[in-house]
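Starting from the structure of chain A, add chains B, C and D where the hints point.
Protein chains in written order, with our numbering: chain A, 1 to 365; chain B, 1 to 365; chain C, 1 to 365; chain D, 1 to 365.
None of these hints come from the bench; they were simulated from the model. Among the clues, some could well be false.
No copy labels: a pair is met if it fits in one copy or bridges any two.
Stated by the list, open to error - No farther apart than 35 Å at their CA atoms in a straight line, the calculated lysine-lysine pairs in the DSBU-like style are these:
no.: 1; residue 1: K237; residue 2: K139
no.: 2; residue 1: K256; residue 2: K175
no.: 3; residue 1: K237; residue 2: K256
no.: 4; residue 1: K256; residue 2: K361
Here the structure is a predicted model, which means the values were calculated and not measured.
4 protein chains.
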Amino acid sequence: MTYDIGFLGYGFMGKAHASALDRLQMFFPDAPTTNRDVLIGRNEDSVTEAADQLGFDRVATDWRTAVTDVDIFCNLGPNHIHAEPVITALESDVHVLCEKPLASDIGTAIEMRDAARRSNAIAATSFNYRYLPAVQLMKQLIEEGALGDIYRVKGRYNQDWLVDPETPWNWRCEKDIAGSGTVGDVGSHTIDLAQWIVGDIESIVGSLTTHITERSAPDQDGSRAVTTDDEYLALVKFENGAEGVFEGSRVATGRKADNSIEIYGSDGAISFSLRRLNELRYKSTNDRAYQQLLVTEPDDPYMDAWWPSGHIIGWEHSFIHQYYEFLNSIATATHHRPDFEDGVAVQRVVDAVIISSETGKWVDI
Amino acid sequence: MTYDIGFLGYGFMGKAHASALDRLQMFFPDAPTTNRDVLIGRNEDSVTEAADQLGFDRVATDWRTAVTDVDIFCNLGPNHIHAEPVITALESDVHVLCEKPLASDIGTAIEMRDAARRSNAIAATSFNYRYLPAVQLMKQLIEEGALGDIYRVKGRYNQDWLVDPETPWNWRCEKDIAGSGTVGDVGSHTIDLAQWIVGDIESIVGSLTTHITERSAPDQDGSRAVTTDDEYLALVKFENGAEGVFEGSRVATGRKADNSIEIYGSDGAISFSLRRLNELRYKSTNDRAYQQLLVTEPDDPYMDAWWPSGHIIGWEHSFIHQYYEFLNSIATATHHRPDFEDGVAVQRVVDAVIISSETGKWVDI
Amino acid sequence: MTYDIGFLGYGFMGKAHASALDRLQMFFPDAPTTNRDVLIGRNEDSVTEAADQLGFDRVATDWRTAVTDVDIFCNLGPNHIHAEPVITALESDVHVLCEKPLASDIGTAIEMRDAARRSNAIAATSFNYRYLPAVQLMKQLIEEGALGDIYRVKGRYNQDWLVDPETPWNWRCEKDIAGSGTVGDVGSHTIDLAQWIVGDIESIVGSLTTHITERSAPDQDGSRAVTTDDEYLALVKFENGAEGVFEGSRVATGRKADNSIEIYGSDGAISFSLRRLNELRYKSTNDRAYQQLLVTEPDDPYMDAWWPSGHIIGWEHSFIHQYYEFLNSIATATHHRPDFEDGVAVQRVVDAVIISSETGKWVDI
Amino acid sequence: MTYDIGFLGYGFMGKAHASALDRLQMFFPDAPTTNRDVLIGRNEDSVTEAADQLGFDRVATDWRTAVTDVDIFCNLGPNHIHAEPVITALESDVHVLCEKPLASDIGTAIEMRDAARRSNAIAATSFNYRYLPAVQLMKQLIEEGALGDIYRVKGRYNQDWLVDPETPWNWRCEKDIAGSGTVGDVGSHTIDLAQWIVGDIESIVGSLTTHITERSAPDQDGSRAVTTDDEYLALVKFENGAEGVFEGSRVATGRKADNSIEIYGSDGAISFSLRRLNELRYKSTNDRAYQQLLVTEPDDPYMDAWWPSGHIIGWEHSFIHQYYEFLNSIATATHHRPDFEDGVAVQRVVDAVIISSETGKWVDI
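So here's chain A without its partners, still in its complex pose:
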């Protein structure tokens, strides 16, 4: 069977997902086959041009019929238009892959999760970083006990695309649209990785900051207030006794997609950074020092599908591996993770950081 797929969204994420589907069979010949059937967008001209580039058979400007008319629906649009199309699709038992974060607020995320529970379809949240080989290996090592009890987790996702005060206002600066700034946008990746690898978070205390509070907005009489955070910081306590610190920024000079995680335990330590995503630093207490693993060996997760040792892969490959697992789950009717429960779990923590920043107190999850 070939699965017909529909996408809502054709920006940066649309391209990453379409490219992943396009490449899947050549590298994973046993993957279920798909057909890029319909690309959904409001502007007919734009969506038609994008459909041509991304390899879709047809376009739709009304999502309502389109999302029930496919086998799989992928929502890659902005956060505030995730819920309605996704719920509609799930109600028709159409499988769903939704970009993170699930929604702009926890209430909406729960509605989506409930729709997923009621549906016979598979509902997945796209936390693609889980599917990088080095991150998979990190998870494996920890599951095998390589770190013993986890003591400390450090997660960050720093960027600098707003450090220049002359950079104009955009929708991510507006709380009513985006929900929050860094904490929801990039913080959700950190939170998901940490919970997936280490376990559930019990409580959190955090702080949101907006250093640059106004930006030029040519279409808004000159300037407009920034109502989302451009930095967040949080301390976390996990249920298993580990503690941690998370940070995110859009004003961290010189940092570009600096998505990193560092974990210390009783028997070892391990760290990962997106800038060098084919590498891990790992130390067992049996080793004298850290080893700098190059995760490009045939035995490493997913790497037998790619190139000989040392020929590194890129960021985009995470989506290919994610689709491989997602489609296999559909084909074999087995549960897929990260699901909407995972999406809600992340959103609860995002929400708690925002509340904590207002109350100045630790918030239980």
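Same frame as chain A, but now just chains B, C and D:
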């Protein structure tokens, strides 16, 4: 117009090239379009399975008719079967892309180059590393004079896939098939990068070594002699007064595709390493220290086609950029580099290292 | 004039301080001269042997007379024996250099500070890391505005000497003696560096953890409870609007004296790590990327006293530079920083972290 | 017994040696004691001032009587004034430590070596880098077989103090005084480390270059020719079958005292760099990847004399360890290495590089 393409070879390189063609339009919509028409191989079952995976319309077990029956012929097979199909194609004015090194010896490479001179078609050698964004930026900076006069060049391509003496014999260990060991195989990449970026080599002194001289060969009564080098070293003098050192190895423990180049000049220095292929280290004499450039900005070569800053790309992307340029050359009937002259130029240097290793003297190119 | 100096303490710190005094004149010929007059300790045999090794003229087993009988008194003993001898010395207008943290609790630290205010002598706290050339350069750059407004500060001091649960109990595990664990011991360095470079801390929320709660104690019927933290984490807000995160650990596998600070601002970023204490990473928003500065140039702070470029110095050199400044302050009767106000300021923050860890709330300083 | 010591030379090296002697007893209490007796120099005012700073009892402007009037004579002057005072001292059975390279040419070096053979005194060459803890550990690991058979050695010592063409002429630019440029000056360190760790060199081919051939010389009517090399490169073959490449430069932008060595063998690889002289990178074939060793543990060579783990030492410490061994050899009348045979062995290789650069051929040692 859509160009029909034929491939000879469907191993590691076949996959890299097929994937590049497959992806080209989505990321470079203005690229000429191609059709993967025919895949050539001797074993009908294997080639049929590969054609299916790599997206070819049909297969051929006899290259003679196949290579003249397409618009573009890509020879991705072992070195000793490069010449005849390539020359046949060029004689029919079929465009050719041939993997490096052009041939197992300089005489054959010159025959191929002469065929290219006589042909109306475009003949390209696949030195794909030229097409990595960081390498392109390195070339640009040097052309703009960022390094001033070049003083010293250090190039290496180290691997360790033969460091284990238990690793069995394979065809790359046999001089009659492979021509040479490291110097032709990985050395050709170093030589091409150095000549492309710095200029022509004038003379060279080198040394080939074989540390492990016998390997198990189950099909050969137990073991077989290794007749190619597992390491080479060379000192080089360039026509413009620069000097350099090249090295290659298959027994350098812990090194995997360690393709690196480091260049010092009167006004600056710059270095690149494949392991972190999205990065450059660069110092101008005006700067106090080295900068670690992350070459993922939209202004960087080819990067506007890809992802936002900091989302790194992989080794395979070099082939996409190479096909973009090669196909554009065909479509616009303009000369393409690296051509067969470049292929011969590399082969001359490879040859000189082999001669020098025997005579113990500097060899003029 | 040659200053007679007395030391209380002859362990690791005693050696670092004695060596610094010993070397001062050869490298800073204009420094005031000193005489290592008296070494104070309770055990006459041990202190006599140490005095011989460290170059003291005589020993004393009673600090009371000794500390008033010198020009300068350096208290390098454990925290709980700082106060009384220091106050006694100051009351006799003997100059004092006291190791950090000033005391085991804030009340005692304030008593010491008050004694310093009443005294005509100079009272200094030994925050020696301020006197590393790279840290001095960091401070200079920030004072000159190289980072603009400070946005974020990350400080850490991680170690792993207690990660092995078999490591026996020692006095640093006992709250009644040590005051606290990591937060007072290594955290005080982080806090001082951050406040010195960035400015005063306004409020803090933190968490102390003890992962290994019992350790073997052969002299205590087998084992003994650990009553101090082996890790701390804190979020901080500075008066100038910067935010930060601090961490310290004795159970961070693979980290040895990992004293690092990283600062981001509107116009640049800079970081330092003790492991590579001759280096800084610095990025101006005018530069494309981080520069890796090697702080061994003759123009760098204190470096004209040492070796040619690239010949690195070590941890111990910080004490030499500190004594150079401390003695010059005495000789010229000018105020010296870090003084006891700085020592109290650090202690207040240490105290606030401990309180916050108990109350779960942000604490104003 | 306390040994009276005389120094010839009180520049950069004089200070490094004097400081080492000054510090020895505090950190190595069992070391033989010494007295800095006489400092030798031609200019009475300068030498008197230096003697005061470096802690010598008296000065001498005529070396002839001074060098026989002490127990130990250290020649730290320029290369061309090494031989005569050293031979004179040895003829009186005065122990000698001579800075490297032994002489400006091989003939003179052999005369010195012959004098050492005839003498009852101990004659040592100051190859201080052997005495860094990380280098000692490297040597130990290799002696224990950690690398198996050595395949390849890469040694370099790059600097950039002559990269600016405006830097004026100095005596190191004149062949008649200095003997050679980089190859004798910094190359001698590389050659000694390589031969000490790997074994004797059998043959070598090399090239000397002078990129900047004239420099300003205010006292010489404006400018003066540069007659020494500012870069050298060499390929080497060791008697045990290993091969290698050496390089040195004074025009390698951004490199300061970049003294590095990297060794690959059948069972592992290891590398060291002076910039991070407390570290080693080491990989056994049993490990997946390189470990980054921090060589500051109490078990590491000489480190129990210094500070707790992670508190790094500097370049100058190599001299302290060297004197510890040299003085112990004297006190126990046991042979010391590196001796003058080692000094001659280095000089032979320096000489061979110079000859090879002229003849264009491999030169047997």
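Hint-by-hint comparison with the structure:
no.	hint	in the structure
1	K237 / K139	both (19 Å within a copy, 34 Å between copies)
2	K256 / K175	within (23 Å within a copy, 43 Å between copies)
3	K237 / K256	both (27 Å within a copy, 25 Å between copies)
4	K256 / K361	both (31 Å within a copy, 33 Å between copies)
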